[in-house]
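Student: The residues making up each chain are set out below.
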Amino acid sequence: DVKVTQSSRYLVKRTGEKVFLECVQDMDHENMFWYRQDPGLGLRLIYFSYDVKMKEKGDIPEGYSVSREKKERFSLILESASTNQTSMYLCASSFKSQPQHFGDGTRLSIL
Amino acid sequence: QQPVQSPQAVILREGEDAVINCSSSKALYSVHWYRQKHGEAPVFLMILLKGGEQKGHEKISASFNEKKQQSSLYLTASQLSYSGTYFCGTESSGDKLTFGTGTRLAVRP
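From first to last, the protein sequence lines are chains A and B.
Just so we're aligned: 27 in our numbering is position 27 of the first sequence, and the numbers increase by one with no gaps anywhere.
Just so we're aligned: 1012 in our numbering is position 12 of the second sequence, and the numbers increase by one with no gaps anywhere.
These are computed hints drawn from the structure, not numbers from a lab.
Be careful, since some hints might not be right.
[Claimed, not checked] No farther apart than 27 Å at their CA atoms in a straight line, the calculated lysine-lysine pairs in the DSS-like style are these:
no.	chain 1	residue 1	chain 2	residue 2
1	A	K3	B	K1037
2	B	K1037	B	K1059
3	A	K71	B	K1096
Source: prediction; values computed, not measured.
Please construct the entire structure, taking both the sequences and the accompanying hints into account.
Tutor: See below:
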């Protein structure tokens, strides 16, 4: 069974902090994705990666960056956290164009 | 641009049927359906490819009308376990998967 693990279920940070959200998958998937989920807005893609050291902007990349140094790990970075980045963050992985497998999510609060 | 889902929310009694629609402004190659139960990760239900096929998964089935650029998810004889938020994801040629705004479904005893 595919396992996508996000490092924290809940996280509280302060405005201006640099925040790291980590995601690890155990199925050797090439593709990894970061989404944020907000009520009424569904799942919106922040960044995705098709290979190690590769990254592509999604629909809402502003204020975020990503890092993929190893195939199994995809990190989302909030360079200077702001209150409007309070949200649920979901990581997903997939093999080529196969269905995506999601982690349980990180609920991030920025105070 | 995100596909639009309707309705935004629906409440059913056990045993009732529901239809969730997903519409896109783009020509579609495929439609994916996911369900997310409260506090859990979204889980893949099914994928429909260009060709207007219909698929089924237990008492949940879906259709894809590529001319209308829309898909519908059919839940028949709903069970309590069907409660959750349903997302469609659409793919256009050469484009990444884009998820809709979600439909919250609550099934009451």
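Student: Confirm or reject each hint.
Tutor: Consistency of the hints with the structure:
no.: 1; hint: K3/A with K1037/B; result: holds (17 Å)
no.: 2; hint: K1037/B with K1059/B; result: holds (17 Å)
no.: 3; hint: K71/A with K1096/B; result: holds (20 Å)
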